[in-house]
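Novice: Chains as they are written, first to last, in my numbering: chain A, 1 to 321; chain B, 322 to 602; chain C, 603 to 1165.
Hints were generated in silico from the structure; no laboratory data involved.
The beta carbon of each residue, even a glycine, is placed where N, CA and C say it ideally should be.
Just to be clear, a hint being listed does not mean it is correct.
As the list claims (entries may be wrong) - Result set (BS3-like, lysine-lysine): computed pairs, CA atoms no more than 30 Å apart in a straight line:
| id | chain 1 | residue 1 | chain 2 | residue 2 |
| --- | --- | --- | --- | --- |
| 1 | C | Lys688 | A | Lys228 |
| 2 | C | Lys688 | C | Lys612 |
| 3 | C | Lys911 | C | Lys1126 |
| 4 | A | Lys228 | C | Lys1126 |
| 5 | A | Lys127 | C | Lys612 |
| 6 | A | Lys127 | C | Lys688 |
| 7 | A | Lys228 | C | Lys676 |
| 8 | A | Lys228 | C | Lys731 |
| 9 | C | Lys676 | A | Lys127 |
| 10 | C | Lys880 | C | Lys1126 |
Stated by the list, open to error - Incomplete in silico selection of chain C near chain A, CB under 10 Å:
| id | residue |
| --- | --- |
| 11 | Tyr659 |
| 12 | Lys676 |
| 13 | Leu689 |
| 14 | Glu692 |
| 15 | Pro698 |
| 16 | His708 |
| 17 | Thr710 |
| 18 | Ala713 |
| 19 | Phe721 |
| 20 | Leu725 |
What the hints assert, rightly or not - Simulated restraints on C-beta separations:
| id | chain 1 | residue 1 | chain 2 | residue 2 | range |
| --- | --- | --- | --- | --- | --- |
| 21 | C | Ile806 | A | Glu215 | 19 to 29 Å |
| 22 | C | Ser645 | B | Ile515 | 28 to 38 Å |
| 23 | B | Val366 | A | Gly75 | 51 to 61 Å |
| 24 | C | Leu702 | A | Ile119 | 23 to 33 Å |
| 25 | A | Leu186 | C | Pro662 | 38 to 48 Å |
| 26 | A | Ile77 | B | Thr485 | 36 to 46 Å |
| 27 | B | Thr485 | C | Gln756 | 19 to 29 Å |
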Amino acid sequence: MLMALVRRLTLSFLILFMVAVFVFVATEVLPGDAIDVYLSADDLAVMSDADIEEMRQRFGLDRPAWVRFWEWFSGAIFGDLGKTLIDGNDIVDLIWHPLLNSVILGAIITAFTLPTAFIIGSITGYKRGSRTDGAVSTLTLVGYSIPDFVIGNVLIILFAVWLAFFPAVILVFSNASTSELLAVSLLPALTVIIGHVAHQSRLLRAGFIETMNSEFVERARLSGLPEKWVVFRHALPASIIPMLNSLALYISGLLAGLVVVERVFGYPGLGRELIEAVARREVNVVQGITFWSASFIIFMNLLADFAIIALDPRVRSAKSA
Amino acid sequence: MSEATTWNRIQSSPGTMVGIAIVLLHATVAFLAPWIAPYEATSIVGFPMLPIGTPDFLLGTDNIGRDYLSRLMMGGRTSMFVALVAISGSMAGASFLAISAAYLGGHYDDFVMRIVDTMLAIPGILFVALIVTGFGRSEAVLIFAIGFSYMPGAIRVIRSHALTIVPLGYVQAARLRGMSVFRIFLRELLPNCIEIITVEFALRMSSSILAVSALSFLGLGISPPTPDWGLMIAEAVKTIYAAPMLVLLPSLLISTLVVGLNLASDGLANAMGLDAARGLN
Amino acid sequence: MPILEVKDLKVGYVDVQRQTNLAVDGVGFTLEKGETLGIVGESGCGKSTIARALMGYLRPGGEVLGGSIELAGKFVFDLSPSALQKLRGEIVAIVPQNPLSSLTYHLTVGAHLREILQFHRGLSAAHAKTETLSLFEETGLPEPETIYKRYPHQISGGQRQRVVIAAALACQPAVMILDEPTTALDTTTEMQVLKLVKDLRKKIDTAIVYITHDLTLTNYMCDRVLVMHDGKTIEQGYADKIFEQPKEKYTRQLVAAIPRVDEPPQREKIAEEQLGFKLLEVKDLSFAYKPQWSIRQMFRKIAPKIVVKNVSFNIRKSETLGLVGESGSGKSTVANIISGLQSPISGEIYFTNDLLHPKGENRPPEVLRRIQLIFQDPLSSLNPRHRVGTILTGAIMGFFGVSRREATDRAVVLLEDLELPIDFLKRYPRQLSGGQQQRVAIARAFAANPDLIICDEITSALDVSVQAQVLDLLMAMQRKNQTACLFISHDLGVIREVSHRTAVMRQGLILETGETEALFEYTKNNYTKQLLTAAQRRDYIIEHHELILKTGSNSPRKMPFQS
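In isolation and in its complexed conformation, chain A is listed as follows (with noise of 0.2 Å):
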């Protein structure tokens, strides 16, 4: 089990290396360097060859690039991002307040879609055929067929628009407080709620049939065993791993719903930060977010791992796999 355990966090390091690496390397390959991509073709006209050189040098863009990777990575995983190309910000203290928001808001909705999902998926699961599961499955197909921006401004039509309850757009700051982020977030949450609860819950639906028809629950249920400890003992500890086993997926999904819901909202989050970001063509808080946003899943993902381990005697005793 020790060795499992080992093996799963030697496993996510080199996953982490090769993030960063990937991350890194990706934007190396751009036609040019960061110069480029920083200055416009009017001020590269400009500029004299030494004064752009002046500039690489500033930047240490001169050196090789394993060095300045090796700078980066070494940065990046004890919380320095190194600094923003136009102004010279620290790229992290620009991101830690959204960043925080963002946290907030995605613990809400998950929260939330994580449970409602999974009382949805094992009753329409078990309830599989009938005219509830009917009438819920078509529900869930078309809830996450729908864009997270389209079920937004939906909402926004709805409650700002036509009932005005609340004002389109959310004017908090990205450092206000707490209960004023709560106050907001709760049409952004919804939005991302809906969409992701629907998904999940076909998810854990297809995976609930498949235990309810395996061999083992036969046997439970052929033992006289009373059904609702058949269900519960025997059926949904089984249907709970293969959740764990898809969080990863889960996790790249709501970022994807928050940075989409932030945008329709104005929420200040990570998301948003992003976005402004990319059109500022700032490369390194785009590099900076999209590491620390991987770390976090494979971070996640270790704790997946670590909690089947617990959860599954089979993987538990395996000795190396």
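Chains B and C: place on chain A using the hints.
Specialist: Okay, now just chains B and C, sitting in the frame of chain A:
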């Protein structure tokens, strides 16, 4: 499962047939749009913000006076085209890598799978953002970014299916007949992965259309003045109090297209005895 | 009054096209207290459906279309859900076919019994535990305290089956249903489990419905037997009578098709004097799986898992060598090594006195052609996307470089040889039955006009009657083409039927090799004796060899080279 029963099952499921009909309708309109649209979608042809039902402008005009019906008809073309090209390329690449990794195994397989793990750790939207920041906005960049970000998930699914086929007698028998790796790939492995590849293709088509329109909405995807539903919504949001319909109409079109695609791919997967509700990234 | 009475039972399943197919068609029988009834039939005859219907349970899509089941005075189909729940486990219990997938993997073995005792007999947790331990003791599980805390995947197949039996016995049910309980087990383990069931029945006076495809087992286990085919009853009667003098034609064929270990073979083999020169020689072959990369490996050297150890034998032209052993004995690995699918860690293979390259890919095409392998599972050995014609002509053209027309002509001859209709050329493998598929696989092997064919358990996925036919055709093809054969099987009866000489394998070692008849009649090797005893399924022999059996398979002695 022979083709006949798969088709029978598709036919006997009303949801699937509705899905196929919706997708066909959308595809037809998008294909014929340049001929059937009343106006040029990118030119200013009337007063701005004309309401629905104005004579000559059935669905009104947008904030600078372009015919909305024409724009709606043209608005799905680019994202469907981008999704189709990106996913076709992505699935071709994924199938090749996944099946060859499953067949050859060893260090090659390990290498491919570690790359896949790495890619799966990077959220798709951030990957696209990174590429767009570097290369700028263009359809080619979008196709590359979308296609690439859909590959790792597909590789995982196809590889795990291919792993169940490689040890089977007919593949091993082909090896023992001295058949070349290339011919084994083409004759024995690929044809037996085609069902899972088809389902993956259908599922990822719908999810990538969602992705393209979301990216366009965010300003990372298709760039103006190309008419596109995602972009149109982003523009119409500015006048959401005055003309909510300008937001709702393209929203309705994207949603129906994706619902149709999902209904169809769900039904297709069911008919083939595969599980549709798998994780998509 | 009988404890169980089934009258004119009809059960159907609804298929995709919403049509109902009858799986059980008018079956009726009775079962007295303490009696054992065997229900025998080949796969798909509806016997498993009956097993579940007796408990008022049908798999999804199933529907009762007529008849009744009266169990301990209650009509099963009329019971309320709560009454049904009480019935299951307390009055009727089932031992399912596959114990590994039938036990919940995330619960300990002990928890499976404890919950039954708590719900049905209302025992406290502590009481349920002591009761579970005594049930484990009763079913012959070693160290009940340890087993109690284990998870299903951590115990052996035989132990799992004992756990499931203990669970079924927990409430001393009036009727116990055994649904192919030993199909997944080796013969020796199988006989221990069945002996346990017999002993327990004597003790607790439970009536048993024993469902199996193996007629010899019903003879060993049952008082009465019901033979089923296609959902219908063929005949019913006393077990020994049905086995010795079957009335119906179907049963007679079934009995005749069973290869017997204790009787000289019925089939004529190629005469000894026609066997030719030494075709294949295998010297000191060993195989081990490389340990997977792991952290542990960096600290301590892990010994590779040795599967085949110093195996040597030879095969003459036209000769059939039988290689017999239980699962995990390494016999399939030997087949894979000779055919070139796996590379040995040491040892040599000589084919017509030429040293073979260990990797199949590196052998000359001519050698690949001359050695052919036939697999266990017929369906998966044929590409489902290709028609039978393409499969055969593809192989012929690949080996001989002839025109498609010529290849088709040869394919037609092969189909005729294997008594398959010529229009099969246009069929897909899925449209054929298991036996037909295996005949196509044999045809593909013989399409290469090989000197040696390796048959890896080629009949173990088939029903007995089909097996008999496949063996006949295989031997005819061998005779016609003067082909030598390495015939691998766990079934001693089949080995005796087909092979000139027999080698017995256990845990990677060949224990003995000898002329088949001599070996079957006069073997001195204890393990071979054990195998033969178990295969004969006779009580008195089993009791006679009790001692050997006990040390035999329950706690396998570790070989010196295993760590």
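Novice: Are the hints correct? Go through all of them and say.
Specialist: These are the hints, each one checked on the structure:
Straight-line distance between C-alpha atoms of Lys688 (chain C) and Lys228 (chain A) comes to about 15 Å, which keeps the hinted pair within the 30 Å bound. With a CA separation close to 24 Å, the supplied pair Lys688 (chain C) and Lys612 (chain C) stays within the 30 Å bound. As the CA atoms of Lys911 (chain C) and Lys1126 (chain C) are separated by approximately 22 Å, the hinted pair is consistent with the 30 Å bound. Taking the CA atoms of Lys228 (chain A) and Lys1126 (chain C), the gap is near 57 Å; set against the 30 Å cutoff, the hint is violated.
Of the pairs offered as hints, the one joining Lys127 (chain A) and Lys612 (chain C) holds, with about 27 Å between alpha carbons and a cut-off of 30 Å not exceeded. Pair hint Lys127 (chain A) plus Lys688 (chain C) holds up; C-alpha atoms about 23 Å apart against a cutoff of 30 Å. Pair hint Lys228 (chain A) plus Lys676 (chain C) holds up; C-alpha atoms about 25 Å apart against a cutoff of 30 Å. Taken as a hint, the Lys228 (chain A) and Lys731 (chain C) pair is honoured in the structure, with Cα atoms around 22 Å apart against an allowance of 30 Å.
In summary, the hint linking Lys676 (chain C) to Lys127 (chain A) is supported, as the alpha carbons are separated by about 29 Å, within the 30 Å threshold. Distance hint between Lys880 (chain C) and Lys1126 (chain C) is fulfilled; the C-alpha atoms sit about 27 Å from each other, no more than 30 Å. The closest approach between the C-beta of Tyr659 (chain C) and any C-beta of chain A is roughly 6 Å, which is under the 10 Å cut-off, so the hint is satisfied. The beta carbon of Lys676 (chain C) comes no nearer than 14 Å to any beta carbon in chain A, farther than 10 Å, and the hint placing it at the interface is violated.
Taken as an interface hint, Leu689 (chain C) checks out: its beta carbon lies about 7 Å from the nearest beta carbon of chain A, inside 10 Å. Satisfaction of the interface hint for Glu692 (chain C) is found here, the shortest Cβ-Cβ separation to chain A being roughly 6 Å, below the 10 Å cut-off. Annotation: interface hint on Pro698 (chain C) holds; nearest CB of chain A at approximately 5 Å, less than 10 Å. A distance limit of 10 Å between C-beta atoms decides the matter here; for His708 (chain C) the minimum to chain A is near 5 Å, and the interface restraint holds.
Because the beta carbon of Thr710 (chain C) sits about 8 Å from the nearest beta carbon in chain A, less than 10 Å, this interface hint is met. Residue-level restraint check for Ala713 (chain C) holds (minimum Cβ-Cβ distance to chain A is 9 Å; threshold 10 Å). With 10 Å as the threshold, the beta carbon of Phe721 (chain C) comes within range of chain A, its nearest partner Cβ sitting at about 6 Å, so the hint holds. Taking 10 Å as the C-beta cut-off, the interface hint given for Leu725 (chain C) is violated, the closest approach to chain A being about 14 Å.
For the pair Ile806 (chain C) and Glu215 (chain A), the beta carbons lie near 26 Å from each other, so the given range of 19 to 29 Å is met. Distance hint for Ser645 (chain C) and Ile515 (chain B): a CB-CB separation of about 29 Å, consistent with the stated range 28 to 38 Å. Between Val366 (chain B) and Gly75 (chain A) the beta carbon distance is about 54 Å. The supplied range of 51 to 61 Å therefore holds. The hinted window of 23 to 33 Å between Leu702 (chain C) and Ile119 (chain A) holds, with their beta carbons roughly 31 Å apart.
In this structure the supplied range 38 to 48 Å holds for Leu186 (chain A) paired with Pro662 (chain C), their Cβ-Cβ distance being about 42 Å. Between Ile77 (chain A) and Thr485 (chain B) the beta carbons are some 39 Å apart, a value that agrees with the proposed interval 36 to 46 Å. Roughly 26 Å separates the CB atoms of Thr485 (chain B) and Gln756 (chain C), a value that falls within the hinted 19 to 29 Å.
The structure is inconsistent with the numbered hints 4, 12, 20, although it conforms to all the rest.
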